[in-house]
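Participant: Those protein sequence lines, which keep their order, are chains A, B, C and D.
Residues 1 to 197, numbered by the numbering used here, are exactly what the first sequence covers, in order.
Residues 1001 to 1197, numbered by the numbering used here, are exactly what the second sequence covers, in order.
Residues 2001 to 2197, numbered by the numbering used here, are exactly what the third sequence covers, in order.
Residues 3001 to 3197, numbered by the numbering used here, are exactly what the fourth sequence covers, in order.
Check before you lean on any hint, since a few could be wrong.
What the hints assert, rightly or not - Below, computed lysine-lysine pairings styled on DSSO-like, alpha-carbon distance capped at 30 angstroms:
{"hint": "1", "chain 1": "A", "residue 1": "K3", "chain 2": "B", "residue 2": "K1003"}
{"hint": "2", "chain 1": "A", "residue 1": "K102", "chain 2": "A", "residue 2": "K128"}
{"hint": "3", "chain 1": "D", "residue 1": "K3003", "chain 2": "C", "residue 2": "K2068"}
{"hint": "4", "chain 1": "A", "residue 1": "K3", "chain 2": "B", "residue 2": "K1142"}
{"hint": "5", "chain 1": "D", "residue 1": "K3068", "chain 2": "A", "residue 2": "K3"}
{"hint": "6", "chain 1": "A", "residue 1": "K68", "chain 2": "D", "residue 2": "K3146"}
{"hint": "7", "chain 1": "B", "residue 1": "K1102", "chain 2": "C", "residue 2": "K2026"}
{"hint": "8", "chain 1": "D", "residue 1": "K3069", "chain 2": "A", "residue 2": "K144"}
{"hint": "9", "chain 1": "D", "residue 1": "K3146", "chain 2": "D", "residue 2": "K3003"}
Said to hold, decoys possible - Computed Cβ-Cβ distance ranges for the label pairs, DEER-style:
{"hint": "10", "chain 1": "B", "residue 1": "K1146", "chain 2": "A", "residue 2": "L117", "range": "42 to 50 angstroms"}
{"hint": "11", "chain 1": "C", "residue 1": "R2037", "chain 2": "B", "residue 2": "W1040", "range": "28 to 36 angstroms"}
{"hint": "12", "chain 1": "B", "residue 1": "P1159", "chain 2": "C", "residue 2": "T2151", "range": "43 to 51 angstroms"}
{"hint": "13", "chain 1": "C", "residue 1": "I2155", "chain 2": "D", "residue 2": "A3124", "range": "48 to 56 angstroms"}
{"hint": "14", "chain 1": "D", "residue 1": "R3099", "chain 2": "C", "residue 2": "T2151", "range": "44 to 52 angstroms"}
Keep in mind the hints are simulated off the structure, nothing from the lab.
What you are looking at is a predicted structure, and each value in this text was computed from that prediction instead of being measured.
Glycine included, C-beta positions come from ideal geometry on N, C-alpha and C.
4 protein chains.
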Amino acid sequence: MNKSRLEAFSDGVLAIIITIMILELKIPEGTSLQAVRPLWPALCSYILSFVFIGIYWVNHHHLLHTVKKVNGAIMWANMLLLFSLSLVPFATGWMGATRFDKITVAIYGALLLICGLSFTILAAVIKKTYSQDTSITDALNKSKPKSILSTLFYIASIPISLFVNPLLSALLFVIVSVMWIIPSKAIEKALMEQDEK
Amino acid sequence: MNKSRLEAFSDGVLAIIITIMILELKIPEGTSLQAVRPLWPALCSYILSFVFIGIYWVNHHHLLHTVKKVNGAIMWANMLLLFSLSLVPFATGWMGATRFDKITVAIYGALLLICGLSFTILAAVIKKTYSQDTSITDALNKSKPKSILSTLFYIASIPISLFVNPLLSALLFVIVSVMWIIPSKAIEKALMEQDEK
Amino acid sequence: MNKSRLEAFSDGVLAIIITIMILELKIPEGTSLQAVRPLWPALCSYILSFVFIGIYWVNHHHLLHTVKKVNGAIMWANMLLLFSLSLVPFATGWMGATRFDKITVAIYGALLLICGLSFTILAAVIKKTYSQDTSITDALNKSKPKSILSTLFYIASIPISLFVNPLLSALLFVIVSVMWIIPSKAIEKALMEQDEK
Amino acid sequence: MNKSRLEAFSDGVLAIIITIMILELKIPEGTSLQAVRPLWPALCSYILSFVFIGIYWVNHHHLLHTVKKVNGAIMWANMLLLFSLSLVPFATGWMGATRFDKITVAIYGALLLICGLSFTILAAVIKKTYSQDTSITDALNKSKPKSILSTLFYIASIPISLFVNPLLSALLFVIVSVMWIIPSKAIEKALMEQDEK
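Same shape as in the complex, but just chain A (with noise of 0.2 angstroms):
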């Protein structure tokens, strides 16, 4: 099986839910400062989730580039990561709306670790399709570090929000996504730098 309808598959299905969450930002009702209020906290949560969805496709694209051919398994799995992230747009504009409610935030927090444990599911069958290619399980391993803090983050975030605060829960949000966004670029940058070598 080629991987090139699990990649169009896959860009379809994140494209589309990157973009049905605007659908979540309910037009206002007129134009005075009442009616626009409720806007902000539903834009925060969008723009946090886009954010988060753009993070999961670029590493889609870097899990996949290796990788030549997928089996049952490998779609299998891309499928629980595309079910998890398809939840997204719910939790968001659930957030949204209760303007970052300690139990919408905790749901928020748990989905992305649904998420993070699905990504890292979908590593482990490539990495066992293909064991004896030590490109691809040297790549996966490259950004271990970066998955398990992630994780601690996300499962830190849940008590963090019920019984603290929701909006220190955000922040831990925040400060998962700036480390993937940050770290993939110097990671290149050191690739390109070896090719040039």
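Given chain A, work out where chains B, C and D should sit, using these hints.
Facilitator: For chains B, C and D alone, kept in the frame of chain A given last:
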């Protein structure tokens, strides 16, 4: 005519169908237990349909894999399949909203039956077009027992939901979906072993 | 400029248009006959539009098949076609919601007319760009009688809906759609026979 | 990293954005003149945004045409552009629903400004990455005057809408859109003539 655009269009439609269903998961007003409770049947209904669309995507992938060129008959049989599948979000949402009411579960079963028949028609059209190509007809014959069993389960689900228990019909749907996920892996392993020989 | 991205974008837009219409099929409250009855006109309206978008997709496929490169004029003529078609879900939903009211059926007919004209413009722009290429112009000339007949039917459907009977106009739409599905198969067979010679 | 998935993902997101806007065209209750009247501003708003997203798609196409490989910086600059554009359906719907109210038109102008800046950032990142490749930098420099003029028009549209007349700002948007559609054809013709020499 080339099959690549048919695949791209089908992937697009399937990606939208699978993602659009999440829009039926209405964001609850508030976070009270009472507000959240109607979510459960909707979520279960969504998971079930996600798996079914996923199965159709995988099988569609397999079906078109060996096909090289498409004609008008294949195109329109494919359209019929996409049309049937496009009704799944509606049936899913309805079944979820009525908490697996016996009538909506029966309608869901009838729709799965229609989708199954549409797939069979598409397979038959491809088979007829490529009647000389034994590799295609062989692959189609292999999944015949599963197709027949699924059809029987779908047919049975309608009276069972109406006169016995809708949850029993839902169980039949789960059995069918598991049947399609698991064995495809088994077949694949067998194929891989053959390749190694 | 390469045509592959134009095709991919058009496929994406058409896939979304064809699937988005299902969102107009509002999930009924409950399962009583009274709740379900408004579904029928909406479902009929949806089926009709699904077939029309399907026809446009197939014809768009044929039209671009022989084209190798696209210029700005082709791109924007294509945009005009996509824009016209993007209004179909709206007209479909309106016609369904008003149970084939004479005004909405007339508007639907007018929209089909606009879509047809947009397609003719796109075909004309392609024809002009590739005026030396007889294979393209020949293919376009072949579907001319059908285009003219469809246009006449669309024009007729407007006064017929307003002053005679909207269902008669709906019948005209069905005749047009059947006309485009059936003969394309006939032409293809003729082409295949030619190929064999 | 290959650019094909970046293009496919961007095409997907743009196709969804351009089509999702139509969902804001709420189906009127009935067919009376009174029910239909609120449609006009919504339709005008939709047409304007359709053209703008179309322009971005064409320019995105041109921009990535000469690029061979993408790095993380290009990916994230592209994400920023897609994010800005994903807010267009919201601003479009709001502007239409308030019948071109001065505040919503000013917000629409501000959003177009943000989209324009995001595109400039993407172009700058590509330029920096491929600073040695004169064919890319030349192509980017060619559209600079239009970019600057558009930016000025967007900036002007904000105070004009707030303090003079929102319809005047809408006129500025129309002028910008026409400016981007027409000359691209002129440039192309010039390019084609060059090719013939």
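Participant: State for each hint whether it applies.
Facilitator: Structure-based check of each hint:
1. K3/A to K1003/B: At roughly 16 angstroms apart (the allowed maximum being 30 angstroms), K1003/B and K3/A satisfy the hint.
2. K102/A to K128/A: violated (39 angstroms)
3. K3003/D to K2068/C: Cα-Cα ~21 angstroms, so holds.
4. K3/A to K1142/B: OK: K3/A and K1142/B at ~23 angstroms, within 30 angstroms.
5. K3068/D to K3/A: Cα-Cα ~21 angstroms, so holds.
6. K68/A to K3146/D: Violated. K68/A to K3146/D sits at ~43 angstroms, over the 30 angstroms cutoff.
7. K1102/B to K2026/C: holds (19 angstroms)
8. K3069/D to K144/A: Holds, at about 26 angstroms.
9. K3146/D to K3003/D: holds (26 angstroms)
10. K1146/B to L117/A: 42 to 50 angstroms: Violated, at about 30 angstroms.
11. R2037/C to W1040/B: 28 to 36 angstroms: holds (29 angstroms)
12. P1159/B to T2151/C: 43 to 51 angstroms: holds (49 angstroms)
13. I2155/C to A3124/D: 48 to 56 angstroms: holds (51 angstroms)
14. R3099/D to T2151/C: 44 to 52 angstroms: violated (35 angstroms)
Hint check: violations occur at hints 2, 6, 10, 14; the rest are consistent with the structure.
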